[in-house]
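S.K.: Using the sequences and the hints given, assemble the complete structure.
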Amino acid sequence: MAAYENAIQENLLGLFQSEKRWGMRAACGSAVNGDYFDAYRRLSESLEQAPEGDSWQRGVALIDLRNYALLKGDKGSYYKEQEKLDELKSTVIFPDGEHYQYLANDKLRSIEAWKRSLSVNGGGFNGGHKTAIEYIENAFFSAVIYGSYSLMYSARKSMTDTLLSLSKLYEDPALAYHALRLYFIYGDEKAVRNIFRCDWPLVANMVSGHADKLWEAAFKCGGIEPAKIRCACVDLLASYFTELPMPNIRDFLLDRSVMREVPKQWAQALKSISMRLDSSVLVDILVTVINDRDSFAILA
Amino acid sequence: MSIVVSNINWEVVDEEKRSGFTDAVTESWEWILGAGQPCEMLAQLIAEGLLGEELITPIKERLDGPNRASFDFRLGSESDFMPLLNAAVTEAEEQLDINDNKYQYSMFAINPYALIDFVVNKVGIRGLEAEVVDRLFSLFRRAADTSAPDEVLGPMLGSMAACAACYIREHAPIPDVLTEAVGSFRKSSHLISGFMLGGRSEQSWKIQLLSVRALCGLDSADEIITAYLSSKGEYESASALAKMMPYLLSFYWQRGSKELQSLALVLSELAMDSHPEVRKLVPQGAVELLTTPESEYGHRLLMLFVRDNDPEVRISVLRACEDVRVESKYRSAVRELLAQDANYHLRHHANKTLQ
Numbered sequence: 602m603a604a605y606e607n608a609i610q611e612n613l614l615g616l617f618q619s620e621k622r623w624g625m626r627a628a629c630g631s632a633v634n635g636d637y638f639d640a641y642r643r644l645s646e647s648l649e650q651a652p653e654g655d656s657w658q659r660g661v662a663l664i665d666l667r668n669y670a671l672l673k674g675d676k677g678s679y680y681k682e683q684e685k686l687d688e689l690k691s692t693v694i695f696p697d698g699e700h701y702q703y704l705a706n707d708k709l710r711s712i713e714a715w716k717r718s719l720s721v722n723g724g725g726f727n728g729g730h731k732t733a734i735e736y737i738e739n740a741f742f743s744a745v746i747y748g749s750y751s752l753m754y755s756a757r758k759s760m761t762d763t764l765l766s767l768s769k770l771y772e773d774p775a776l777a778y779h780a781l782r783l784y785f786i787y788g789d790e791k792a793v794r795n796i797f798r799c800d801w802p803l804v805a806n807m808v809s810g811h812a813d814k815l816w817e818a819a820f821k822c823g824g825i826e827p828a829k830i831r832c833a834c835v836d837l838l839a840s841y842f843t844e845l846p847m848p849n850i851r852d853f854l855l856d857r858s859v860m861r862e863v864p865k866q867w868a869q870a871l872k873s874i875s876m877r878l879d880s881s882v883l884v885d886i887l888v889t890v891i892n893d894r895d896s897f898a899i900l901a
Numbered sequence: 008m009s010i011v012v013s014n015i016n017w018e019v020v021d022e023e024k025r026s027g028f029t030d031a032v033t034e035s036w037e038w039i040l041g042a043g044q045p046c047e048m049l050a051q052l053i054a055e056g057l058l059g060e061e062l063i064t065p066i067k068e069r070l071d072g073p074n075r076a077s078f079d080f081r082l083g084s085e086s087d088f089m090p091l092l093n094a095a096v097t098e099a100e101e102q103l104d105i106n107d108n109k110y111q112y113s114m115f116a117i118n119p120y121a122l123i124d125f126v127v128n129k130v131g132i133r134g135l136e137a138e139v140v141d142r143l144f145s146l147f148r149r150a151a152d153t154s155a156p157d158e159v160l161g162p163m164l165g166s167m168a169a170c171a172a173c174y175i176r177e178h179a180p181i182p183d184v185l186t187e188a189v190g191s192f193r194k195s196s197h198l199i200s201g202f203m204l205g206g207r208s209e210q211s212w213k214i215q216l217l218s219v220r221a222l223c224g225l226d227s228a229d230e231i232i233t234a235y236l237s238s239k240g241e242y243e244s245a246s247a248l249a250k251m252m253p254y255l256l257s258f259y260w261q262r263g264s265k266e267l268q269s270l271a272l273v274l275s276e277l278a279m280d281s282h283p284e285v286r287k288l289v290p291q292g293a294v295e296l297l298t299t300p301e302s303e304y305g306h307r308l309l310m311l312f313v314r315d316n317d318p319e320v321r322i323s324v325l326r327a328c329e330d331v332r333v334e335s336k337y338r339s340a341v342r343e344l345l346a347q348d349a350n351y352h353l354r355h356h357a358n359k360t361l362q
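Just so you know, the protein sequences line up as chains A and B, in that order. Going by the numbering used here, the residue at position 263 of the first sequence is 864; the numbering climbs one at a time, nothing skipped. Going by the numbering used here, the residue at position 324 of the second sequence is 331; the numbering climbs one at a time, nothing skipped.
Heads up, a few of these hints could be off.
To be verified - With a straight-line Cα cutoff of 25 Å, these simulated DMTMM-like cross-link-like pairs (lysine to aspartate or glutamate) come out:
{"hint": "1", "chain 1": "B", "residue 1": "67", "chain 2": "B", "residue 2": "79"}
{"hint": "2", "chain 1": "B", "residue 1": "24", "chain 2": "A", "residue 2": "895"}
{"hint": "3", "chain 1": "A", "residue 1": "872", "chain 2": "B", "residue 2": "317"}
{"hint": "4", "chain 1": "A", "residue 1": "872", "chain 2": "B", "residue 2": "303"}
{"hint": "5", "chain 1": "A", "residue 1": "872", "chain 2": "B", "residue 2": "30"}
As the list claims (entries may be wrong) - Covered, in the sense of this in silico footprint (three residues per stretch, anywhere, with C-beta under 8 Å from a C-beta of chain B), are these stretches of chain A:
{"hint": "6", "segment": "849-858"}
{"hint": "7", "segment": "873-887"}
Claimed, not checked - DEER-style ranges, computed between Cβ atoms:
{"hint": "8", "chain 1": "A", "residue 1": "848", "chain 2": "B", "residue 2": "138", "range": "56 to 64 Å"}
{"hint": "9", "chain 1": "A", "residue 1": "894", "chain 2": "B", "residue 2": "68", "range": "30 to 38 Å"}
{"hint": "10", "chain 1": "B", "residue 1": "180", "chain 2": "A", "residue 2": "892", "range": "23 to 31 Å"}
{"hint": "11", "chain 1": "A", "residue 1": "857", "chain 2": "B", "residue 2": "116", "range": "22 to 30 Å"}
{"hint": "12", "chain 1": "A", "residue 1": "856", "chain 2": "B", "residue 2": "330", "range": "39 to 47 Å"}
{"hint": "13", "chain 1": "B", "residue 1": "314", "chain 2": "A", "residue 2": "844", "range": "24 to 32 Å"}
{"hint": "14", "chain 1": "A", "residue 1": "894", "chain 2": "B", "residue 2": "17", "range": "19 to 27 Å"}
{"hint": "15", "chain 1": "A", "residue 1": "844", "chain 2": "B", "residue 2": "42", "range": "33 to 41 Å"}
{"hint": "16", "chain 1": "A", "residue 1": "848", "chain 2": "B", "residue 2": "107", "range": "56 to 64 Å"}
{"hint": "17", "chain 1": "A", "residue 1": "857", "chain 2": "B", "residue 2": "209", "range": "14 to 22 Å"}
{"hint": "18", "chain 1": "B", "residue 1": "281", "chain 2": "A", "residue 2": "649", "range": "53 to 61 Å"}
{"hint": "19", "chain 1": "B", "residue 1": "233", "chain 2": "A", "residue 2": "892", "range": "53 to 61 Å"}
It is worth saying that the hints were derived from the structure and are not from the lab. For glycine and all other residues, C-beta sits at the position ideal for the given N, C-alpha and C.
M.R.: Pasting the structure below:
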């Protein structure tokens, strides 16, 4: 466990220590522990005390501040920090996009390092994998916020792969559930569908009362087309879960905006769940589709 | 939609909802067909007595070709296959007329060769009307002389293999006209570049052609195996060979040839393919092996697929095991495992269809 924690600490915090950013180490430590309020407070304080001159470092800290504000769900602070950042951008020459890229690369490197340390120490830290998940999730959020699309994609893939392998290693379905939840948060339908390709004994382990939580996660997910994720979620639940959140699924399938927005995915979800839906609900859905000619034309 | 409709248990639906549904369909059937929905759903509803029979004539007036034949087929006793085959051959002739050039390829929504394969495999070639079979073979002969690309001729080679395999299964000699048509096909591949929707390649053409030629006694299995090994790792070739495998296995078993063992080995190679689309095609070959002296080998392959990571591959095992030739001991072994599958649909269908 100690070896594992050291590896995490070195990989994560060493990154900031070497750059000598003021207060960022402490703030990042809090963020890693999931305490974004504390992270935001510490970084704001250190930024207030920071010497003026180094605008580039200030800018980088402001990006972190803005992101912590986002993570703690404080939109007011988020816009405030963004405003400061925009103001700074007008006076400081940022190498065009380079710092974002640089940070994204840093994050990806740290994720990869964690992944390596997990595979090396994986067998040794009994039960420590649950803490690892928290670290991994935090890394994921950082990567998502900083990264370019391709970097985010690599980060997602490496983290969910790690989660799924850990789930297999420890025979812990909760980890597989975490992986799924992350897939939903990515807002990437293909990623959700990837779960169909994973080991079936592993998926079998997941059939253990997580359906409601998954549905909730699917509804909170972001991404460009969240409706697609929800359709994939219906498909997934229909295939692998014994107990289903039926009223939610029924309302979702009867939602005309979903039919129109993502007809192909909606039709796939309906096909998949049709065997398990109540016949009168199926009739309701079909009548809605037939009577709504615009939706029907799109579906056809 | 037809899948959804088939999952409705009308006995538990209250009268009000049922009439709401039938009213909506009766008002909108024209619109439903116009929007490109298959006519099978309407046929299904009429057959179940949910829609009035007075709709049959106007619906038929709106349909033509294989769609009309398919509508009739669903409404009838589902035993008269001839109109279906007749319509499919006519459609294939019309499509060949349009695609009879080497520079351009038109893709059609209806695939007549899938219908031809379905009817031929279901009824057997000798149970079909001679006139339609003659038309089909003339089409094959005519196709051999055209400059149509692989995209057009590839599916046709599949149907030729299905016909040849039928004669072999029925212990009847393959007619000269079919052998002659197969022998006249060009050996070189001609693909319309940049139009690779069918997942074809030069090697896959070679494998398909060599397989049909082997079934007609014009080539040997060695050549097919060599062609496959020289393109190993290529998805298109593996997929083409996996589709031909059931026919080839049946053919070499009937000839009592040693090549059956080599082909069984090739089948196990295909079973290890990294593409799930290829693996999906192999259970059909494994079922064919169950009827040969290599049945234990086929059984082991099926057991391997039951544990495949991809649910689609496991579904293909289920479908392959529905074949009446599969002995009950093999079927129950597969059912026992699939009934414990993580996937709800697989568990449901395994219990329902393999009982």
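S.K.: All the hints need checking, so say for each whether the structure fits it.
M.R.: Taking the hints in turn, this is what the structure says about them:
Between residue 67 of chain B and residue 79 of chain B the CA atoms are separated by roughly 8 Å; this keeps the pair inside 25 Å, and the hint holds. Distance hint between residue 24 of chain B and residue 895 of chain A is fulfilled; the C-alpha atoms sit about 22 Å from each other, no more than 25 Å. Between residue 872 of chain A and residue 317 of chain B the CA atoms are separated by roughly 19 Å; this keeps the pair inside 25 Å, and the hint holds. Under the criterion of a C-alpha separation no larger than 25 Å, the hint pairing residue 872 of chain A with residue 303 of chain B is inconsistent with the structure, at around 37 Å.
Among the hinted pairs, residue 872 of chain A with residue 30 of chain B is consistent with the structure: their alpha-carbon atoms are about 23 Å apart, no more than 25 Å. By the rule of at least three residues with a Cβ nearer than 8 Å to a Cβ of chain B, the coverage given for the segment 849-858 of chain A is violated, with 0 such residues. Remark: the segment 873-887 of chain A is confirmed as covered by chain B, as 12 of its residues place a Cβ nearer than 8 Å to a Cβ of that chain, reaching the required three. Range check, residue 848 of chain A to residue 138 of chain B: about 58 Å between beta-carbon atoms, so the 56 to 64 Å window is met.
Checked against the hint of 30 to 38 Å, the pair residue 894 of chain A and residue 68 of chain B fails, with Cβ atoms roughly 22 Å apart. Evaluation of the 23 to 31 Å hint for residue 180 of chain B and residue 892 of chain A yields a failure: the beta carbon distance comes to about 58 Å. Restraint check, residue 857 of chain A to residue 116 of chain B: a C-beta distance of roughly 27 Å satisfies the suggested window 22 to 30 Å. Distance hint check for residue 856 of chain A and residue 330 of chain B: the Cβ-Cβ separation is about 42 Å, which falls inside the suggested range of 39 to 47 Å.
Restraint check, residue 314 of chain B to residue 844 of chain A: a C-beta distance of roughly 26 Å satisfies the suggested window 24 to 32 Å. Under the hint 19 to 27 Å, the C-beta atoms of residue 894 of chain A and residue 17 of chain B, about 25 Å apart, fit the expected range. Restraint check, residue 844 of chain A to residue 42 of chain B: a C-beta distance of roughly 36 Å satisfies the suggested window 33 to 41 Å. Checking the proposed 56 to 64 Å range against residue 848 of chain A and residue 107 of chain B shows it holds: the Cβ atoms sit about 57 Å from each other.
Remark: the range hint 14 to 22 Å for residue 857 of chain A to residue 209 of chain B is contradicted by a beta-carbon distance near 48 Å. Between residue 281 of chain B and residue 649 of chain A, the C-beta spacing of about 57 Å keeps the proposed range 53 to 61 Å intact. Separation of residue 233 of chain B from residue 892 of chain A is about 60 Å and conforms to the stated range, judged on CB atoms against 53 to 61 Å.
When each numbered hint is compared with the structure, violations occur for hints 4, 6, 9, 10 and 17.
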